[in-house]
Amino acid sequence: MSVVPADVLAGTPAAQGGAGETPPAELGPRARLWPSLAAVYRAQLSRARVARIPLLFVATFQSVGIMIMLRGVVGGGKEAHSVVAGAAIVVVAFVALNLLAQYFGQLRAGGGLDHYATLPVPPAAVVLGAAAAYASFTVPGTLVTAVFGCVLFGLPLGNLWVLVAVIPLAGAALSGLGAAFGLLAPRPELATLLGQLGMSAALLLGVLPPERMPQPVRFLRDLLPSTYGVEAYARTFDARPDWTLVGVDMAVCAAVGVVSLAVATWAYRRAAVR
Amino acid sequence: MSERAGQALRHGDDVVCAVRGLTKTYPASRGRRGAPGTDEVRATDGVELDVRRGEIFGLLGPNGAGKSTLVRQLTGLMRPDKGSVTILGHDIVAHPERAARILAYLGQESTALDELTVALAAETTGRLRGLDARRARAERDAVLDELGLTPIASRPLKKLSGGQRRLACFAAALMGERPLLVLDEPTTGMDPVARRAVWSAVDRRRAERGTTVVLVTHNVIEAETVLDRVAVLDAGRVIACDTPAGLKERVSGEVRVELVWRERAPLQVPEVAALRERAQESGRRWTLRLPPDEARAVVATVTGGDAFAALDDFTLTTPSLEDVYLALGGSARQGLVKA
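So the protein sequences, as listed, match chains A and B. Heads up, the working numbering is the position in the first sequence plus 60, with the first residue counted as 1. Heads up, the working numbering is the position in the second sequence plus 854, with the first residue counted as 1.
It cannot be assumed that every hint is accurate.
With the C-beta cut set under 7 Å, the calculated list includes, among others, these residues of chain B facing chain A [claimed, not checked]:
hint : residue
1    : 909
2    : 917
3    : 929
4    : 942
5    : 963
6    : 966
7    : 978
8    : 983
Simulated pairs of lysine to any residue, SDA-like, Cα-Cα distance not exceeding 25 Å [what the hints assert, rightly or not]:
hint : chain 1 : residue 1 : chain 2 : residue 2
9    : B       : 1013      : A       : 106
10   : B       : 936       : A       : 332
11   : B       : 1012      : A       : 107
12   : B       : 1012      : A       : 117
13   : B       : 1013      : A       : 102
In short, the hints are calculated from the structure, not lab data. All C-beta atoms in this analysis are idealised placements derived from N, C-alpha and C, irrespective of residue type, glycine included.
Work out the full structure: start from the sequences and follow the hints.
Shown next as structure tokens:
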């Protein structure tokens, strides 16, 4: 008995591709970008209830705590602006960078990417949907932190609306980075480590007023995408904010977001098909 | 042209999935400090298969036989080094992204769905298979109802038992009505009710739409009852491919005798001592594969005299797929079933 199973011998038409003689069957529909992005976003958001609320609380509590501690050290004026803006953006960094890196790291290690890779969904939809959901998780914490900070340091609440632009843009930049970390790290522990390091950097370099930092540290601070989110928000506390500079800072966030999300999408493709 | 080739021509139209010369080698890894390196491994080695429309085609083999690697190559998750995979006329090696539009894959892991509710897992999967929102909701309701999952539809997968979670993942795999289902151990951990729900859902789709199933399994009993045909894999090669009954016919000349001793085998009995080298020993248990008359003689020996005093239990059974696997020279002597 031959090991060739279903009565096929080399050289017969059937051996040259089985169903090759008949026209190929019609393929199922491809999932389009926006509907599938919306589906991933909705699914991810639903996880918030079960899995994310305690972590959101931790993120907010951490930022509020930092501001209370710095209240005794930092007087007012420019330094206070940095502290409040920095603490608000740290919430974004904690969730979008750190937690998303962990999520993708675990998904990749646990074989969860196979599920998405065997669905006809554009890679960008999975990455952007997850990133958008994580960025959304940060909204309540960031708002609470910002309002609390303004009250604590006696800053005006009038320009709080700028967070409507700052959160998505900083969120895009940081969640893109987080997704790329999670998908590129060869092991989930490394993804977690990278996420934590990124979060620590955003915390240390974002919250402390830059005026007191030595030059090399300030250079490092300039390399961090969260810095531009912090600066954009901090500038709006000025008596007469320079909106051009705010716009430039947000444009940097947007550019980093586009690049890092593109890298994350590439990393997803690479991780999904081995 | 031989008669078999002629049959192949007649079956040609009906072949859903044709695999030719599929080979994948994992490169050797260099050892790190303290850990030795591994040799190059041929995970699949010249695999040839034809899966016909409407059949449940099984892949049976021990751990590490190459079943999962083969399935990953069928589903476009892994590129083979050599060979071809053609599913419904589409070349999956050249266009792996087309696999997602022809087949549904149920992998062993549920990490991607774990935190979703049962309903949302099915609905989202349907949306990502290209269904519009209304269709996805309607299909979700139908599939959950069919599988008896409606009462737990609003519970997250993480909170369910292993079998229920598996059934929820199976529900997700049914969304979008694909003509080919690739299921990797779908019934692991399920109770008989859930298991029956799975197979009747599969049967319904086979009858109504001619759905084809490629099933990876460890479970020999399930393999014998649900599979139309089965390919036995060993060390990356297909060592046999036939109907379960056809495979069992190959070893129909043999009977399996299992002897369980109370403490140890009575080796002072010469007949028992002579049997020892033909037996596969596992603690107090001896397994022998013998022609029927020899088996009868063995039973006569152990049920009388000194040997009987040492005997705790014995069974005589007709061959199962597991015996077929061992008779075919499968390298894993412990058999197919996970310990």
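- Task: List, from low to high, the hint numbers that the structure doesn't satisfy.
- Result: When the structure is compared with the hints, numbers 1 and 2 turn out to be violated.
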